[in-house]
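**Q** So the sequence lines, in the order shown, correspond to chains G and F.
Mapping of the first sequence onto our numbering: residues 1 to 286, in sequence order.
Mapping of the second sequence onto our numbering: residues 1001 to 1603, in sequence order.
None of these hints come from the bench; they were simulated from the model.
Among these hints, one or two may not hold up.
[Said to hold, decoys possible] Cβ pair distances, simulated, as ranges: (1) F:Ser1313 to G:Lys69: 50 to 58 Å; (2) G:Val73 to F:Lys1374: 43 to 51 Å; (3) F:Gly1014 to G:Lys69: 46 to 54 Å.
[To be verified] Here are a few chain F residues that sit away from chain G, every Cβ distance over 10 Å (derived from the structure): (4) Ile1052; (5) Ala1167; (6) Pro1174; (7) Thr1253.
[Unchecked claim] Partial chain G-side listing against chain F, Cβ under 10 Å, derived: (8) Tyr14; (9) Thr75; (10) Lys76; (11) Ile79; (12) Phe88; (13) Pro90; (14) Ala95; (15) Ala102; (16) Phe104; (17) Glu111; (18) Ala114; (19) Ile130; (20) Leu131; (21) Ser132.
A quick note: this is a predicted structure, and the numbers were derived from the prediction, not measured.
Each residue gets a CB set at the ideal place from its N, CA and C atoms; glycine is no exception.
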Amino acid sequence: MNDAIRLTDLRVRYGRVRALDGLSLAVSRGEVYGFLGRNGAGKTTTLRVLMGIVGADAGTIELNGQPMKRVSVATKRSIGYVSQEQNFYPWMTPAQLGRFVAAFYPTWDSEEYARLLRVLDVPPDRRSGILSGGTRTKLGLALALAPRPPLLLLDEPTSGLDPVARREFNDLVVSMAAERGTTVFLSSHLVDEVEGVATRVGIVQAGRMSIEGRVDELRERVRRVRSPVPLEPPQGVTRVRADVWLADGSLWAAAAWPEGTSIEPLPLEEIFLAFARTDAPLGAAA
Amino acid sequence: MSLPLLRKEAREHGPVLAATAAIGALALFAMLGVAENSGGRFVGLTRFLLTIGPLVAFVLANRLLVREYTGRTQFFLETLPIGRVRVFATKWLLGCALMLLTALVAWRVALGYVRRTEVLETADAIGVLGCTAAFAVTIWSFAALAGMLGRYRYLAWAAVIIAALLAMNVAGIPLFDLPVVRLLGQGVQMATALPETSAFVEAAVVAVLSAAGAAVLALVGSGAMASTLAQRMTARERAFALVALIAVGTISTTLEPKPVQPPFEITRGERYQGRWTRVGVLPAGTLDADSARGLARAIADDSDELIDALDLSAHPPVFVLAQQGMDRHVMQRAALSAEDGIVLKVAPNAPMENVRMLVAHSLVADATIDRGMKDDRHVLLDGLASYWPLRDDEAGRERWWLRAAAIAEPLPPDYLTEWARTSERFGECQSLALAFSVFDTLVQRLGRDATMESMKGLFREPKDDVRVLFERRPAATLAASGVDFAELASAASAAREEARERHAAELARRPVLDATVDWRSTPGRGIEIETTVSGASRYVAYYRLLLPWTTDAGDMPRLDVLGSSAVLPLSPSRNDRVLAVIEVDDEVLDCPVRLLAERLRFR
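Chain F with its partners taken away, still in its complex shape:
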């Protein structure tokens, strides 16, 4: 802070700020009077903060920051022996202090109003003051950032107002559920409860980012950026801004609010209500009513026990819709909202344990807001999901050990933490088997309870805001339970080796297959990709053109091939990348086995 600068600011802006304070005081008394019979103790205060608060912040930013640049007096300040950082900090802190003073005075006056009709201790209203102060600082921080944008400051404010209107009118989000405004929600208006911690975190993030942005604009390039932005808009910029505002306004009036749809439900089929989980299964084909009922019960038991084991707060309903004509190994999850729950479409003859695995996977993935699927822990999510339905099924576990044992090729040391790459190589069935082998090894080492205790730390429901960045790394969480990824990988490899010996006879029955993928370029036909499999009469090829930013190929188009070779129905260009995959049904393992997964680049 610089005292001479503070004195200068007071002298320069005193009259305007006094006038603003007088208008604000009038507005405050008017709003408190109007809101007196609205039922909330601090309704008038929140209305004042939402309307006059931004106005005061805007005026302060204009006077303290914008005026210095538009009047070019910033250049005079720069010739004086005072650092640019100190000038900016003085002005920012002065604005912040004045905003806090405004909030404090408004709160104190509102408290006096409340006390005319009821007894309210100051201590009971301190929380309201905290929210009021946090809101004031956040608004000031944004106003300072907008101010540093100079001639674009009106656009910055307009963008925020339009975004808020769109969120309310189109997305149907209530005003007091919007970020930052959440600080002044119903609990604060009634002085009965504070907002959730995440509301303060959101406001803090906005305030810090805005302050940092303003500082960058003020300081980077020796302050040249702020000076340039302070210049008046050109005629072209004014026209563009006007057209943009009219266009956004017009579009927003034509948009209809998203209709509220009831959550997904099935009206017929087998239903089962577990302790936490409601399950519905729609039978079809070979999945008759009895089987559907059994599946519903098994899913409910799996989910309830998993919810208890991981201490999950979300209890989504589960629906399984059997549909004839689907491949028995293909299962699809409908992309619906969280309220709809987990909705799966499967073949009637799909392996039921696989359906239960997908439910367990979806339950944990949803509860962790998909963070469970990050590469550094995805193997344990897949392992948990594949292990869970088999936790009391010795024969089932041995079946999956057989599938895992079929992976004979050496694995890289980081195959557990580079799970996307591992999954792409081995396909769904065998990568699930691999994950199962890892998880079952972990359970055998630690015991089921200790393992699930460790998983509880790993798959906890994350904070749905910036705090998620500070979560503990999976390796550290596992280390607390005495588990090391490298050690686990090597123990699982040894266990798979043992399983290979146990199942040597079955594995010997598997046919020896060889798969290749080649491409050629001819002038008349362009680039052709040919897949060849020797030793099998039919196979399946999957393929996908990879965009520059594609990492996980996701669901891929499928080509069923009768015979030994086929040309993929794809016409890539030079420098394109294509993922080509070949799978065959393995009768011994009773699941599709991926023979090859190759990323091709056509140079």
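Only chain G is shown next, with the shape it has when bound in the complex:
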């Protein structure tokens, strides 16, 4: 098994709300996986399940080939996590936070933490409550990476950052992941951010995986089809919504299209919009 994460038919309910409704996905070791979805699509719930904060009602979770009903405290020691909000104790300095968090990780590397603070330009002796949003996010990254975890979960960590800080943060993540071979699971609704760093992408909608694959593979499979006459989908081709169609890459050329039909590749953002919008029925996807 070469998967760092494998979720199968995962279901989570909050009262009557189905946060996850049969989500399945797989993330290989060492890859940067972009987990795209609208607000409320189930991204944060997925990450909270992976962190053991929330238990799944049904489905299976496998981390590094180990199946589990719920992520245990022991497993959490091998996971680094950066959340949307950095809810640090405001009275603690980064140095104090490091000492506090270090006690929970047997693999904590104090020198590495100090180096990360330096590299990320986080002042070690200033109270976290008065740090800027970007610095707090970088502090979160340093805390997550210092135990040298094989798996890093990022839950929309840059959503509150300006574009420059966001780019800096993403570059850091990519370089550090490459340097250490860390598997990165990056959740976001910002397509350009994910497109820049992810090797593979999954689009989640209403708690289910809509489509999953490498970015170039998705571009190959999802196309815009424009025709002067009304079209019936050829065999093996399905309509996602409006003029966006889904097919195996080889079918686009093989199928017989009416004269004047144009088939255009789409940027990832268009693909995301086609799969994440809910105002039109989706075809059988992925």
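Once you have looked at the hints, place chain F on chain G.
**A** Quick look at chain F alone, frame taken from chain G:
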């Protein structure tokens, strides 16, 4: 416990807790000084625990629990490899330890104060320490629960304070008789006696339930409940809370304490003082002074012997008030407090043995705080009550055997342990006769002394708190005496069969009666219920509309019918349930016999 978390708590809350400790120390010395001449050794300590104790618990809960949720740092903790249970347990135990430390220090300082003027060994004050510690843990446990209620914690504290004020000012309960506060009662203040065990049990129940409630709030729904509760009150909630507090405060100031009434007493009539029981009988009509005196003496003898046989500690007075115009088979007990005793209103010509049976029944039912009337043992209470006045009256017992023998229909196997159903079917007289037959059978098998020894275990005075849940089951108590309900039921059935043979001639004189109850629905008149009895010139119908949760119908309205049929004065609606009962006076048995008891549902 988590050491890193403990270190974090110490660093985060150390200054505030040190300030609280300093204020507490000042308050303790001030209270010990003020209470020095109050006459009690630990009065200052109890005042400190009652005032500063809750304050310290409140501060601790705010710092250790509430702050984590309101500051949203709980979310940060959840991302660390430490379980939610461990976080909660660490914080709860830390708070508990700090409360215990506060109590211990306060006790030690108070002991030092006492020793300035008198000799008091530490061993003699250990009980006070135990009470102090139990109080501290209970208060902390409640504070932790209130803390987990987040924005509603002030309301939880306010509710407890208002409830205590109402209990003191309206119900007239002294402060040191209130639950939990009982731990710091006069005996502890004087260091002369410990509170009753029930005071510790009450405190333990409060502490355990509060701790469990706090744990549920912290852990259920992945901790979402506590996070949600920690959010600030909305303007609407604040307005509601304010109005509720003002309303309760206003109402409580308008309530007057319940006036203290002297216990029930009769100023005339026949009175008799037995060894334990004081009896008063008010004569009227055919119950003249001589009969009343005889009845008073018989009741006193019954009660005294029953109190001795069952080893009862309650010795209530008994009053029987004869009132003309009542049905001779109807007896009413006044709903008065325990201090008033057993007060009955009966017809002057009521069967005296029935009056004595009701007294015996009331005595045991009161002594067992009505637990004797639970379905799994009620038959034996009725049996004991009916047997007791007849214990030395052979002819009387045979009369009740006749009544029991008149029950010819087959009984279900569980008729003894489903006593409410059995009583509803057979009515008061015959169900009492049935219970009598069971009890007399038991006495014949075991002997009276052994039977009463068994009843002593069954009808013991229960603990008036949660310990009552752990009492032995009646079946187990009886089994210890070699009695099995199923076996007893079958032996009693055989004995009734024998009685039927003995009284065949009398039973043959009873008229054959047939009773039915029907209902019909017509557009103009709605639902009508009609009762019909053939073979009797008059009968009595009882009826009651049954609410969804009604099990025992209790006292029912009565309709005396002359003739063979009548429509009940009741207008039920569709889907209502009604219990309809038909009884006739049986001259042979000399008591009312229930011909029919039917629960109707109108669909």
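**Q** Does the closest beta carbon of chain F sit nearer than 10 Å to the beta carbon of Ile130 (chain G)?
**A** violated, 15 Å
**Q** Hey, does the Ala95 (chain G) contact hint survive, CB to chain F under 10 Å?
**A** violated, 13 Å
**Q** Under the criterion of a CB-CB separation shorter than 10 Å, is Phe88 (chain G) in contact with chain F as hinted?
**A** Interface hint status for Phe88 (chain G): holds (6 Å vs cutoff 10 Å).
**Q** Beyond 10 Å from chain G, beta-carbon-wise, is Ile1052 (chain F)?
**A** Holds, because the least Cβ-Cβ distance between Ile1052 (chain F) and chain G comes to about 27 Å, which exceeds 10 Å.
**Q** Holds or violated: is the Cβ of Leu131 (chain G) closer than 10 Å to a Cβ in chain F?
**A** violated, 14 Å
**Q** Hint Tyr14 (chain G) vs chain F: min CB-CB distance below 10 Å?
**A** holds, 8 Å
**Q** Does the CB of Glu111 (chain G) sit less than 10 Å away from some CB of chain F?
**A** Hint on Glu111 (chain G): violated, closest Cβ of chain F at ~20 Å, above 10 Å.
**Q** For Thr1253 (chain F), which was marked as not at the interface, is the minimum beta-carbon distance to chain G over 10 Å?
**A** With a cut-off of 10 Å, Thr1253 (chain F) remains clear of chain G, as the shortest Cβ separation is near 42 Å.
**Q** Quick check on the hint: Ala114 (chain G) CB to chain F CB, less than 10 Å?
**A** Since chain F brings no Cβ nearer than about 19 Å to Ala114 (chain G), farther than 10 Å, the hint is violated.
**Q** How does the Cβ-Cβ distance of Ser1313 (chain F) and Lys69 (chain G) compare with 50 to 58 Å: does it lie in that range?
**A** holds, 56 Å
**Q** Measuring Cβ to Cβ, find out whether Pro1174 (chain F) lies farther than 10 Å from everything in chain G.
**A** holds, 46 Å
**Q** Is the interface hint for Pro90 (chain G) satisfied, with its Cβ closer than 10 Å to some Cβ of chain F?
**A** holds, 7 Å
Hints 3, 14, 17, 18, 19, 20 and 21 from the list above are not met by this structure, while the remaining hints are.
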